[in-house]
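Chains as they are written, first to last, in the numbering used here: chain A, 1 to 118; chain B, 1 to 224.
Honestly, the hints are just simulated from the structure, not real lab data.
Take these hints with a grain of salt, some might be off.
Listed below are the simulated PhoX-like cross-link pairs for lysine-lysine, each with C-alpha atoms no more than 20 angstroms apart in a straight line [what the hints assert, rightly or not]: (1) K105/A <-> K83/A; (2) K112/A <-> K85/A; (3) K172/B <-> K183/B; (4) K3/A <-> K183/B; (5) K90/A <-> K112/A; (6) K172/B <-> K105/A; (7) K47/A <-> K83/A; (8) K85/A <-> K47/A; (9) K90/A <-> K105/A; (10) K112/A <-> K47/A; (11) K183/B <-> K47/A; (12) K3/A <-> K188/B.
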Amino acid sequence: MNKNVAEIIDALAAHEDHTSIEVLEELGTNSPDNEVREYTSRALVRKNVHDSLAIVIINQGKGINDLSPSVAMSTINEILSLKDKSEVIKILDDTINMHSDENVKENARSVKSLLALS
Amino acid sequence: MDINKVELSLGQKIANPFKTTRKSDTNPFEYKNFEGNTLQFADVFEGFNSKEVNFKGNKLKMISSSVMGSLTKLHNSITEPIVNFVNRIRTGITHAWDYAAHTNITDVAGIRNIKDGILGIKDYGKNITDYLSGIGSKISDKMSFLNKDVTEIGHDLSDKWTSLISGINTSKIPSGLTVAEYKALWIKENELLASQLPAKEIALNPSQVAKEITLTNTTKEMVA
Numbered sequence: 001m002n003k004n005v006a007e008i009i010d011a012l013a014a015h016e017d018h019t020s021i022e023v024l025e026e027l028g029t030n031s032p033d034n035e036v037r038e039y040t041s042r043a044l045v046r047k048n049v050h051d052s053l054a055i056v057i058i059n060q061g062k063g064i065n066d067l068s069p070s071v072a073m074s075t076i077n078e079i080l081s082l083k084d085k086s087e088v089i090k091i092l093d094d095t096i097n098m099h100s101d102e103n104v105k106e107n108a109r110s111v112k113s114l115l116a117l118s
Numbered sequence: 001m002d003i004n005k006v007e008l009s010l011g012q013k014i015a016n017p018f019k020t021t022r023k024s025d026t027n028p029f030e031y032k033n034f035e036g037n038t039l040q041f042a043d044v045f046e047g048f049n050s051k052e053v054n055f056k057g058n059k060l061k062m063i064s065s066s067v068m069g070s071l072t073k074l075h076n077s078i079t080e081p082i083v084n085f086v087n088r089i090r091t092g093i094t095h096a097w098d099y100a101a102h103t104n105i106t107d108v109a110g111i112r113n114i115k116d117g118i119l120g121i122k123d124y125g126k127n128i129t130d131y132l133s134g135i136g137s138k139i140s141d142k143m144s145f146l147n148k149d150v151t152e153i154g155h156d157l158s159d160k161w162t163s164l165i166s167g168i169n170t171s172k173i174p175s176g177l178t179v180a181e182y183k184a185l186w187i188k189e190n191e192l193l194a195s196q197l198p199a200k201e202i203a204l205n206p207s208q209v210a211k212e213i214t215l216t217n218t219t220k221e222m223v224a
């Protein structure tokens with residue numbers, strides 16, 4: 001992955017402006033580059049706010065639902081390493097109970113099981 | 001058929017069939033000749049009374065014995081006094097210096113070929129060729145010019161290196177920008193990367209590129 005892109009993602013991840021999440025979603029999670037998607041997903045998880053976590057949990061093809069196993073596993077790993085897991089558990093519960101897509105619900109259920117075991 | 005009698009006549013001496021030919025001086029603990037390369041089986045550290053066999057210890061002692069024997073042999077093989085050796089080396093260096101000081105640069109083996117070879121080089125070779133064109137001067141006279149030329153090349157390379165480093169430094173993403181500025185930078189980086197993607201790579205690995213394009217389209221469809 002390009003070093004400059006990684007630095008931009010890091011800068012946006014640390015940015016306090018809420019619109020940084022939108023930029024990360026638009027340019028990062030939609031990137032054709034697996035490494036960029038992986039790095040962006042982890043950055044969104046590290047932000048640990050509702051909007052950033054929702055992107056990597058409830059969206060098809062992003063975060064834990066990414067078609068690339070490396071991206072999905074990295075995102076799950078980043079979720080498991082969060083210190084404060086209250087927000088992510090809340091989103092996982094909502095996804096399991098209310099999401100329309102069965103695959104997304106199944107993935108959320110798996111991540112929640114892993115969280116319970118960790 | 002008669003059977004030969006096996007008997008000894010009085011006074012007849014025959015060899016004792018049970019007597020071995022092993023000499024007593026093969027006893028390893030009596031082997032005291034230090035002139036050889038190795039001192040076989042000699043326990044040089046614990047004396048000759050040790051009867052305990054220790055495989056690892058024996059191996060170490062064998063190596064040590066070999067070193068001791070080698071040192072003894074080396075001592076015997078030095079026939080030239082160290083003073084003579086130093087003088088010989090010093091003489092060789094003096095000869096080399098005299099050769100450098102009194103030999104035309106064009107007489108040095110290989111210089112003519114180098115000169116011919118660098119005639120076609122426009123940049124650095126041209127300067128060196130110009131200096132070499134002053135044939136007749138000694139190497140010691142030419143050294144200052146060569147030094148100057150080398151210094152110029154060094155400065156040029158240094159400038160190029162500095163510009164390269166500064167280019168790398170300026171490519172670092174600055175901190176404290178707004179989100180919109182970061183977004184613009186990211187888009188610019190993506191465009192730059194897309195332009196740098198060699199056509200050769202696509203030609204060599206079309207399946208991977210096609211896979212990535214498909215993946216991108218899939219992702220966009222999911223977003224839509």
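Open item on the list: Of all the hints numbered above, which does this structure not satisfy? Sort the numbers upward.
Closed with: 1 and 6
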